[in-house]
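**Student:** Please build the complex by placing chain D on the supplied structure of chain G, with the hints as guidance.
What follows is each chain in one-letter form.
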Amino acid sequence: MPSYLLEIIVLLGGLVLLLLEAFTSPKRKSSIAIGAISVLCFSLILLFFADKGFGDENVELTRFYAFDPLARFFKLFTIIATILALLLALDHRKVLSKFTANPGSEDGTGEYYCLFLFACAGMMWMASAKDLVSLFVSLELTTITSYILVGYMRRNVGSLEAGVKFLILGALSTGFLVYGIAWIYGATGTTDLALISDRITDQNSTYLLFGLALILISLAFKVGAVPMHLWVPDVYQGAPTPTTAFLSVASKASGFAIAIRVTEPFLNSGTELASKTTFILAILAGATILFGNLAAIPQKNFKRLLAYSSIANAGFILLPIAAWQTATDELTSKQVVAFYLTIYLIMTFAAFFILAVIHRNTGSDEISAFEGLGKRHPLLAFMTAIIIGALAGLPLTAGFWGKFLAFKTAIDAELWFPISIGFIGVAAGFYYYFQIIRAMYWRNSLESDPIEIRPIAFRSIAGLTCLVVVLGLWPQPIYWLLQNIS
Amino acid sequence: MSIILILIPLLAAFAILAGLGKAKSIATIAATANLVLGLGTVFCWKASIWDLSWEVLSKPSIHLSLGFYDGMSLVMVILSVLVLFTAVMSGKCPEGREKLWFSSILFIGAGGLGAFLSTDLFFFYAFHELALIPTFLMIGILGSGDRKNAAWKITIYLALGSIILLAGLIWLVSASGSDTWLFDDLLASSISTDAQSGIAALLIVGFGVLISLFPFHSWAAPAYASAPAPVAMIHAGVLKKFGLYGLIRLYPIVSTGMQDWLVCLIVLLLCNILWVGFVTINQKRLDMILGNSSVMHMGYIFLAFAALIEAGSFEANPLAKPAAVVLMFAHGISIALLFMLTDTIRRKTGTVELAELGGLAKAAPRLAFLFGLAGMASIGLPGLANFSGEVLVFLSGFNNYDGGCLGYVQTATILALWGVVISAVYMLRAYRQTFQGPPVSNTSSEKVKDFGPFCQIPAGILAISLLIVGLYPNSLLQFLDEPEAASSETEQASK
Chain G
1 MPSYLLEIIV
11 LLGGLVLLLL
21 EAFTSPKRKS
31 SIAIGAISVL
41 CFSLILLFFA
51 DKGFGDENVE
61 LTRFYAFDPL
71 ARFFKLFTII
81 ATILALLLAL
91 DHRKVLSKFT
101 ANPGSEDGTG
111 EYYCLFLFAC
121 AGMMWMASAK
131 DLVSLFVSLE
141 LTTITSYILV
151 GYMRRNVGSL
161 EAGVKFLILG
171 ALSTGFLVYG
181 IAWIYGATGT
191 TDLALISDRI
201 TDQNSTYLLF
211 GLALILISLA
221 FKVGAVPMHL
231 WVPDVYQGAP
241 TPTTAFLSVA
251 SKASGFAIAI
261 RVTEPFLNSG
271 TELASKTTFI
281 LAILAGATIL
291 FGNLAAIPQK
301 NFKRLLAYSS
311 IANAGFILLP
321 IAAWQTATDE
331 LTSKQVVAFY
341 LTIYLIMTFA
351 AFFILAVIHR
361 NTGSDEISAF
371 EGLGKRHPLL
381 AFMTAIIIGA
391 LAGLPLTAGF
401 WGKFLAFKTA
411 IDAELWFPIS
421 IGFIGVAAGF
431 YYYFQIIRAM
441 YWRNSLESDP
451 IEIRPIAFRS
461 IAGLTCLVVV
471 LGLWPQPIYW
481 LLQNIS
Chain D
1 MSIILILIPL
11 LAAFAILAGL
21 GKAKSIATIA
31 ATANLVLGLG
41 TVFCWKASIW
51 DLSWEVLSKP
61 SIHLSLGFYD
71 GMSLVMVILS
81 VLVLFTAVMS
91 GKCPEGREKL
101 WFSSILFIGA
111 GGLGAFLSTD
121 LFFFYAFHEL
131 ALIPTFLMIG
141 ILGSGDRKNA
151 AWKITIYLAL
161 GSIILLAGLI
171 WLVSASGSDT
181 WLFDDLLASS
191 ISTDAQSGIA
201 ALLIVGFGVL
211 ISLFPFHSWA
221 APAYASAPAP
231 VAMIHAGVLK
241 KFGLYGLIRL
251 YPIVSTGMQD
261 WLVCLIVLLL
271 CNILWVGFVT
281 INQKRLDMIL
291 GNSSVMHMGY
301 IFLAFAALIE
311 AGSFEANPLA
321 KPAAVVLMFA
331 HGISIALLFM
341 LTDTIRRKTG
351 TVELAELGGL
361 AKAAPRLAFL
371 FGLAGMASIG
381 LPGLANFSGE
391 VLVFLSGFNN
401 YDGGCLGYVQ
411 TATILALWGV
421 VISAVYMLRA
431 YRQTFQGPPV
441 SNTSSEKVKD
451 FGPFCQIPAG
461 ILAISLLIVG
471 LYPNSLLQFL
481 DEPEAASSET
491 EQASK
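Sequence lines, in order, name chains G and D.
Residue numbering for the first sequence follows our numbering, beginning at 1 and increasing consecutively.
Residue numbering for the second sequence follows our numbering, beginning at 1 and increasing consecutively.
Fair warning: there could be bad hints in the mix.
Derived coverage of chain G by chain D (criterion: at least 3 residues anywhere in the stretch with Cβ under 8 Å from a Cβ of chain D; other residues may be distant) [as the list claims (entries may be wrong)]:
| hint | segment |
| --- | --- |
| 1 | 394 to 401 |
| 2 | 429 to 435 |
Think about it this way: if two alpha-carbon atoms lie no more than 27 Å apart in a straight line, the pair counts; the simulated DSS-like pairs of lysine-lysine are [claimed, not checked]:
| hint | chain 1 | residue 1 | chain 2 | residue 2 |
| --- | --- | --- | --- | --- |
| 3 | D | Lys148 | D | Lys24 |
| 4 | G | Lys375 | D | Lys24 |
| 5 | D | Lys447 | D | Lys348 |
| 6 | D | Lys99 | G | Lys375 |
| 7 | D | Lys99 | D | Lys348 |
| 8 | D | Lys153 | G | Lys300 |
| 9 | D | Lys92 | D | Lys153 |
| 10 | G | Lys375 | G | Lys300 |
| 11 | D | Lys153 | G | Lys375 |
| 12 | G | Lys375 | D | Lys22 |
| 13 | D | Lys92 | G | Lys375 |
| 14 | G | Lys165 | G | Lys300 |
| 15 | D | Lys148 | G | Lys300 |
| 16 | D | Lys348 | D | Lys92 |
| 17 | D | Lys148 | G | Lys375 |
The set of hints was computed from the structure by calculation and includes no laboratory data.
Since the structure is predicted, the reported quantities are computational estimates derived from the model, not experimental observations.
Just so you know, even glycine gets a beta-carbon here, dropped at the ideal spot from N, CA and C.
If we strip away everything but chain G, and leave its shape as in the complex, we get (with noise of 0.2 Å):
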């Protein structure tokens, strides 16, 4: 079967259900989310039964277009996330409502569930983009969604404002993306990544720097790494919950699946433009580790902190691209960013449904909000204190194999001043996490009623703990997922 149906799958369902949703009543808006996660289960069985991209008989399509181990692990990976992301937004969708059109009903929710199946369909297709223009217009197709989905909450200041911010920097780091494209082009003469790196000469080697440095940035923006970070923290904190979540884990891996795409030919070019590309991506991996980790420290909101974790997370999944290793005895660098992200999304997740959970039973993201946690509901706490230690990257947790294994990749290429640089991030780690696990704890709350969990996010959380657990002591089946990725 053809992968590309699988795009279109996801495109026409979520057209559908916009149409559907016209006829829904209001009370009933929920089963829109419900039919979207059908969408992306269907298509997530038939990603199994996917074998080809566009076939040999239409050459210039397949032109624009792969269907490699590479692609699909993150078309896999989109859509369990975009599913996560649907699942938090059902639990989530009280409080959306209130900031919608008529406030308190579910009136203006509907659109919202099919939004992420846009987005979903767009980052399917930007893990198969081979040339810069189907990279381009795949990327759009989800910075656009991405802008209506932070914005959603019309009636809450704060998500408005995000949604500017958002779109005024997004609308910019498009500009250095065609940009860059751009000279890319006037250097080479082609658009398609596979031709770039046989057209390398010494004459084209600084425009094609030139260029590669304006993609750089824009995807910089893309994955929340320096010097493009700043929107991260203000975003994130205006946006809907599961609009963050998804923000923070499926587009950063899409941007992360770009990158790889696009650094690819000139990492394994040989000449001194791959020295020169991998001193930029160290400097960058090195100052977004610096910065996440450093400004994360006095945060006292919780959502915001997560913000900031994500910039650190970024700049720790840069390590191994910048270490790019492609030899195929150790892990190679795509295997790592993929081992990487996939804990990052169990993690994130987790994080994304426990911060729900606390909002809507205490109407804050605060840190404060935790207090006296342990005792309220000690099952929860217990499973936030997993998740926190395996965010900050405590061994026999999940989210200390991603860790090892960047600072591995980095190690064998010996980029010490990255790898020294983050070292001192997961030390720094340790005390902003921490603070969540002192507030559940050594804190006691003024509220001692006990926290209500809806049957979604409980079963969620759980699920996501046992996962970081499981995989903590026994990481093979990620081993599994990417061992086809070159």
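**Tutor:** Using the frame of chain G, we list chain D on its own:
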């Protein structure tokens, strides 16, 4: 099979958290079972039934591999089960906090046991970190004094230390070119001399922070002083030995690189013994004296390690490793006993300020006797375990001395001997202030009761272990010279 030793405390901790029964009884049963099983292994630790190896990730190849790697693992496991058992039995849990109290103790104990039983470098490192969150919570919530700062300090220090250590370990494995992280494969490989020096530095600093090597020691004393007694017992008695165990275990791979840092290490360990020794003399509180003394005594074990570095291999200085191991065991037992008795004093009199104590021996003769025994052990009185260890350390320092000019290690040994005097000064003074002289209002016999027979069991077990190892050091040493005996036997056979 050896996974059972880790699983018993872990499962018991989860059972306690899930509320499956009375926390104290579950913990006591689990710790007793572990003690029996752990001591039982003495007779059959070489049997392959204990080994377990399960590949958890194929690339890089990492195994959950457990078993007794050599006699050193066995001694550390015995130490862990002994201290874990007594830690569970001693101390007084505040009302309503039983779950946190007992499950944390069991988690910390399981972490230590896991580290010493691992025969794969990855899990050796990973198990040690299991203790981090429970320690943070126990000190932060149930500690005394300036508990919050102490909890943050120990957590950040240990996290930083272990992350530096991690860098060293990854570098070590990647430089060795070994396919797996198993000790067997690693110790069979070799590392280029260029890389060794850097790796050795990271290992010394990383492990050094965990062992409280000078100048990374300032977390230890306040943390132990404010930690609840069981946590201080396990941490000072068992977990701190993790770093020394790791240094000795990994030493053969980086033996050349360690040479570069010998002088530096000797200066630091002398600071541990002398500087911290003088700091200890100046302390006014019993718990701070013990906390600092435990930092100080790490210097002696480092001295054995320095002798090992100077000699260049285990064979060249056959005394160094047994010396370090015996002293680790002895120190672990004696400091655990001292922390336990200090906590008893705190509960009976309500204070550990030396100025507010006195004449306790009259009201509590049994307590005074046990404290005296443990204190004498910690000074190094002959007949008690620490003496065997310290004598071996000093002998190992002079093992390769050829009668000429004194080397670095010999000079350090001579200076370190003064440490014994220092510890005699502070320990005897603490004993006199606490137990001798006229009773003060806190310690009058109407207020203070000697502890009953049930509380004596854990203390008695520790005291008896001190006596056994002190009077018959071969009880431990027999496990340690096994490989050499085996190799000399094969040599003889080949001749």
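**Student:** So which hints don't hold here, by number, going up?
**Tutor:** none
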